[in-house]
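Student: Here's the letter readout for the chains.
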Amino acid sequence: MNQDDNNQRIDDYLLGRMKSGERSAFERSIDQDESLAEDIAASRMALDALELAEDQALKVRLQQLEAKLSGSSAPAATSTPAAPESATVVALPGRSRGRWLGVAAALLLMLLAGWFVVNGIGNRPEQLAMTYFEPFPNYATTNVRGDQTEDATMAAFNAYDAADFARAVELFRSLEATDVNRFYLAQSLFAAKEFTAAAPLFSDLAARADFALAPEAVYYAALTDLARGQTTEATKSLETISADPDHPFREQAAALLAELN
Amino acid sequence: MVPLRKSAVPTFRSLKSTSVEAHKTPLADADLFGAIKSGKHELLDQLYIQHRSAFLTYAQRQLSATEDDAADCFQDAVIAFYKNVVTGRLTELTCEIRTYLFAIGKRLVYRKNHHRHREVVTDPVSGIGMVDDPSREVDLSLLNRLENDERRAQLAAGLARLGEPCQQILTLFYYHRYPIESVQEAVGLPSPGATRIKKMRCLDKLKRVLATQ
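For the protein sequence lines, the chains are D and F, in the order given.
Just so we're aligned: 24 in the numbering used here is position 24 of the first sequence, and the numbers increase by one with no gaps anywhere.
Just so we're aligned: 177 in the numbering used here is position 177 of the second sequence, and the numbers increase by one with no gaps anywhere.
Extracted from the complex, chain D is given alone in its bound form (with noise of 0.2 Å):
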């Protein structure tokens, strides 16, 4: 199942859509999949945040209409309440369960580069951005067990979740040039080594401040430098990744560049 399926599966069950022995089924899953269980209750107290927050704008909007109604004073508009200054942090069980995963991640990532430079392939830039490189997961499409029909899209995104990287680079380039089509089909170049035709699309979608992707796209343009033997500008561009705490990419980049150094 890619990581589509899985997100839509978890928003059937959060938001109450499962039909009851689909529901039966997944809550069997939850039980023996602790980090599916993780992420559940994460995802959960994030609805509920939501929930919290909405339910409280349309109260303060229904105080207003009532202040009005009624000829009195409207309340104050605020829309959520104001954190305490010395809130008691409740540890939540599993979070640091899930930064340590992480850490191994990154150490084994590195212990397996470690082995290819030992025996003397990690030296060849392109062999060292391949063993960086893993298609970024399909969250473009949602695909429907069963569906028999397949128009161009769905055909290019299931030969990317096939792996079949020619087929896809075939059919994206077939597609309209939107960003998403273009990330996908730089992904699929890079699959397939043509790094060349990879790099001018990877720089441009990392460059596009209102792509969903741009910061992945920076990611993938520095692995396409890397491959292609611009070993500088790829520094460069890992550097500046893994010094910001919030790129995605951050711990890929700074292992990598442990790696070069």
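Quick caveat, the hints were computed from the structure, so don't treat them as lab data.
Treat the hints with caution; some may be incorrect.
[To be verified] In silico DSS-like pairs for lysine-lysine, Cα to Cα no more than 25 Å straight-line: (1) D:Lys68 - F:Lys40; (2) F:Lys37 - D:Lys59; (3) D:Lys19 - F:Lys37; (4) F:Lys112 - D:Lys59.
Chain D is already provided as a structure; the job is to place chain F on it using the hints.
Tutor: Chain F alone, transformed into the frame defined by chain D:
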């Protein structure tokens, strides 16, 4: 593919506006229900205006509520009704909207009276316990889970750190249950795919923010 809501997508700001924009000719219950179901959240004002006075009178005379408590509970009842409609817990009206609002409001008044240890005059026509009591569908679980003021403040502070447009995207999708295409239109994103990606990243960001609270 979930169809776009039929009505024009209101701007996010209009959901929080305070103008009293009651329709000159109030919509009939079926039309009002259909309009709210299709996304016209601004009609909550009309719903409130149409039934507010009757409920306040009823709650004060029959349920021993103060005027402020009655208004407070009726506001919560309108919000609960709205949420039941958008979440699909209420798919069709089996009684008048007023009956529904009164049933929810009544239950909330009883709850408030209990908290205040206030004696309640028995309401012989309260309908409590009726098989088709619509207030049975009111989900008070969130109220019960979040009665801890400190926890509510933590969640609110976390959400405030999320910023826009993430808060808007997530609220439209998860609270108002907009299909992704309507979120795209409301927020001005280029495609449903881009909107889906943005939503996913915003949710991940919110989860990270709340985990550090």
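Student: All hints are to be evaluated individually against the structure, with a verdict given for each.
Tutor: How the hints compare with the structure:
1. Restraint check: the Cα-Cα separation between Lys68 of chain D and Lys40 of chain F comes to about 22 Å, which is no more than 25 Å; the hinted pair holds.
2. Annotation: proposed proximity of Lys37 of chain F to Lys59 of chain D holds, straight-line Cα distance about 19 Å (limit 25 Å).
3. Among the hinted pairs, Lys19 of chain D with Lys37 of chain F is consistent with the structure: their alpha-carbon atoms are about 21 Å apart, no more than 25 Å.
4. Proposed proximity of Lys112 of chain F and Lys59 of chain D is supported: the alpha carbons are some 17 Å apart, at most 25 Å.
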